[in-house]
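Asker: Listed here are the chains, written in short residue letters.
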Amino acid sequence: MDLFSNLALGFGVAFTPINLMYALVGCILGTLIGVLPGIGPVATIAMLLPATYALPPVSALIMLAGIYYGAQYGGSTTAILVNLPGEASSVVTTIDGYQMARKGRAGPALAAAGLGSFFAGSVGTLILAAFAPPLTELAFKFGPAEYFSLMILGLIGAVVLASGSLLKAIAMIVLGLLLGLVGTDVNSGVARFSFDIPELTDGIGFVTVAMGIFGYGEIISNLSKPEEDRELLTGKVEGLFPTKEDFKHMLPAVLRGTALGSVLGVLPGGGALLAAFAAYTLEKKIKLKPGEVPFGQGNIRGVASPESANNAGAQTSFIPLLTLGIPPNAVMALMVGAMTIHNIQPGPQVMTSNPELFWGLIASMWIGNLMLVILNLPLIGMWIKLLSVPYRFLFPAIVLFCAIGVYSTNNNTFDIWMVAGLGFVGYLFLKLGCEPAPLLLGFILGPMMEENLRRALLLSRGDWSVFLTRPLSGGLLAAAVLLLIIVLLPSIRSKREEAFVEE
Amino acid sequence: MIKSQKDFYSGLMFTLVGAGFALGAGNYSVGTGARMGPGYFPMMLGIVLAVLGAFVTFYSLVEHTEDGDKVGAFAWRPLGYVLGANLAFGVLLGGLPSIGLPAMGLIAAIFALTIIASKAGDSFVWKDVILLALVLSAGSYVAFILLLKLQMPVWPTFITG
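Note that the protein sequences, when read in sequence, are chains E and B. Everything in the first sequence is counted per my numbering, starting at 1 for the first residue and increasing by one. Everything in the second sequence is counted per my numbering, starting at 1 for the first residue and increasing by one.
Worth flagging that the hints you see were computed from the coordinates, not collected in a lab. There's no promise every hint is true.
Stated by the list, open to error - Okay, derived cross-link-like pairs now, BS3-like style, lysine-lysine, Cα gap no bigger than 30 Å in a straight line: (1) Lys119(B) - Lys385(E); (2) Lys385(E) - Lys127(B); (3) Lys248(E) - Lys285(E); (4) Lys3(B) - Lys70(B); (5) Lys103(E) - Lys141(E); (6) Lys248(E) - Lys103(E).
Could you put the whole structure together from the sequences, leaning on the hints where they help?
Answerer: Structure below.
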């Protein structure tokens with residue numbers, strides 16, 4: 001079996017002490033920041049990215065991946081104990097998780113989230129390992145026209161499945177694509193939109209974009225809200241283990257959440273957030289067994305299923321990135337940036353040219369999930385302590401990490417001016433109700449899209465119909481159009497709005 | 001009559017920025033589909049963005065919303081202090097030759113950042129802020145300088161020479 005020899009190679013890489021250490025560091029940092037409300041995984045990864053510059057590429061990616069799924073675990077802890085989602089993907093967990101905590105069942109809720117996530121993470125990792133090679137084969141058949149169409153599908157998918165206004169989300173993508181084009185054009189050597197500023201000829205750094213728009217934007221908007229009375233349910237975490245009855249309800253929910261999350265994670269624009277929402281909606285549709293607590297009042301299924309789903313989705317969203325080189329969501333867009341910094345061009349060739357990196361990363365995901373169960377269940381007390389630190393101590397620290405992160409990217413003060421400007425822009429986006437995630441996706445894909453469009457049209461001598469006449473490319477575009485039509489249908493439209501508004 | 005203030009202004013923003021990019025792209029050679037110049041793709045996208053913005057603005061005038069989707073007041077205080085803290089950090093850390101300011105190093109920059117950023121919060125207690133700055137300085141020194149070996153000045157140049 002190829003799968004086993006590949007995984008063996010991967011575990012060989014991941015089990016070296018140095019990589020184990022980085023996985024652990026990533027998981028701890030991820031949980032740490034996941035537990036802190038108000039700073040999302042995108043800002044977290046952007047913030048900590050510079051810390052990985054000096055590491056070898058495998059270790060750097062292992063650590064970043066650890067941060068990502070660590071944030072997923074950490075986010076559920078705050079959701080359950082404080083009724084504040086640490087991450088957007090834990091929003092639905094607050095509904096039943098917090099109710100369980102109020103009834104003194106915080107322990108079982110945390111255990112359901114942790115164990116469900118671990119199971120889902122393991123399954124997600126296996127799916128990733130099994131499906132990556134055949135998809136990579138497919139990717140080698142792609143020409144520039146197919147890549148261009150795939151990116152269109154990916155970008156459309158990203159906005160269709162996201163919340164909020166469709167039109168504005170598409171506009172944000174286009175804005176992102178344009179910002180991605182700033183800097184020297186690779187073909188002609190012309191410095192575009194650089195206003196004769198030498199630093200801008202290299203393009204806008206994506207760490208500055210992510211940090212300014214996500215990091216500072218989020219901090220400022222948090223500070224502008226009055227400090228909420230956080231009711232911390234810490235004293236009540238005792239008896240971690242769910243009862244036999246709990247397990248009976250939990251198990252099918254975990255399985256359903258995992259299946260749904262794995263599928264949705266692969267889709268463009270999918271990933272953890274959508275998976276969690278969909279899983280909760282599905283659970284609510286399934287009839288309550290006699291003696292079960294209704295949803296919204298502390299049903300354990302309402303915790304187990306979305307938490308499994310978001311973790312499965314977090315794993316499988318690596319599939320499009322690692323096989324096609326196309327990030328399906330903003331976090332994966334950051335991973336593209338991270339790989340580029342380490343001189344790895346994401347795409348199908350990674351698996352053949354860097355098998356240690358590819359399989360090492362996959363194997364480390366499973367190890368990371370295992371570490372997280374240990375970090376989050378027996379050591380839960382440590383994180384709870386952290387939650388009692390007032391925000392006025394936390395946010396200067398976050399601002400500091402952002403600033404160090406920005407500065408250490410290039411050791412150039414210009415980036416500091418840039419990030420201040422982008423921070424203002426990020427806050428403006430929040431005020432105007434413009435979701436920034438699609439912008440980041442567009443920003444990463446901008447140069448790739450231009451390059452593929454240019455090549456496709458060069459090969460076809462300027463004939464645009466090539467995108468429709470090549471069967472694979474035509475099919476991808478048709479799928480994109482179909483997606484748009486489906487979302488614009490009035491009946492689906494109202495459902496979509498409903499799906500993202502949970503009481 | 002504006003029915004959604006947020007959409008109205010974001011539409012305007014998209015249109016202006018899109019038009020700006022499209023006009024700017026005109027300065028570079030545009031070329032044809034088969035031989036795309038550096039201006040081709042940005043011009044195309046700029047026009048698309050401007051049109052999208054126009055649609056957003058249009059809908060904000062016709063589509064009814066419950067509360068008018070007000071943009072609301074800007075939180076200038078946190079905005080100014082958080083961004084100001086970041087600027088102070090950058091200037092102190094690396095120095096600013098254009099105004100003759102030497103590099104003051106990481107520790108001074110952390111103190112400035114912590115003090116300025118803390119002003120953005122609801123309460124400001126000097127003792128706590130200084131304590132926090134001390135903890136952050138020590139932590140950053142260990143994490144970033146000793147462990148991660150980031151290249152940055154730690155102390156002011158006039159002390160280290």
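Asker: All hints, please: hold or fail.
Answerer: Going down the list of hints, with the structure as the test:
| no. | hint | verdict |
| --- | --- | --- |
| 1 | Lys119(B) - Lys385(E) | holds (25 Å) |
| 2 | Lys385(E) - Lys127(B) | holds (22 Å) |
| 3 | Lys248(E) - Lys285(E) | holds (18 Å) |
| 4 | Lys3(B) - Lys70(B) | holds (9 Å) |
| 5 | Lys103(E) - Lys141(E) | violated (56 Å) |
| 6 | Lys248(E) - Lys103(E) | holds (20 Å) |
Checked against the numbered hints above, the structure breaks only hint 5 and satisfies the rest.
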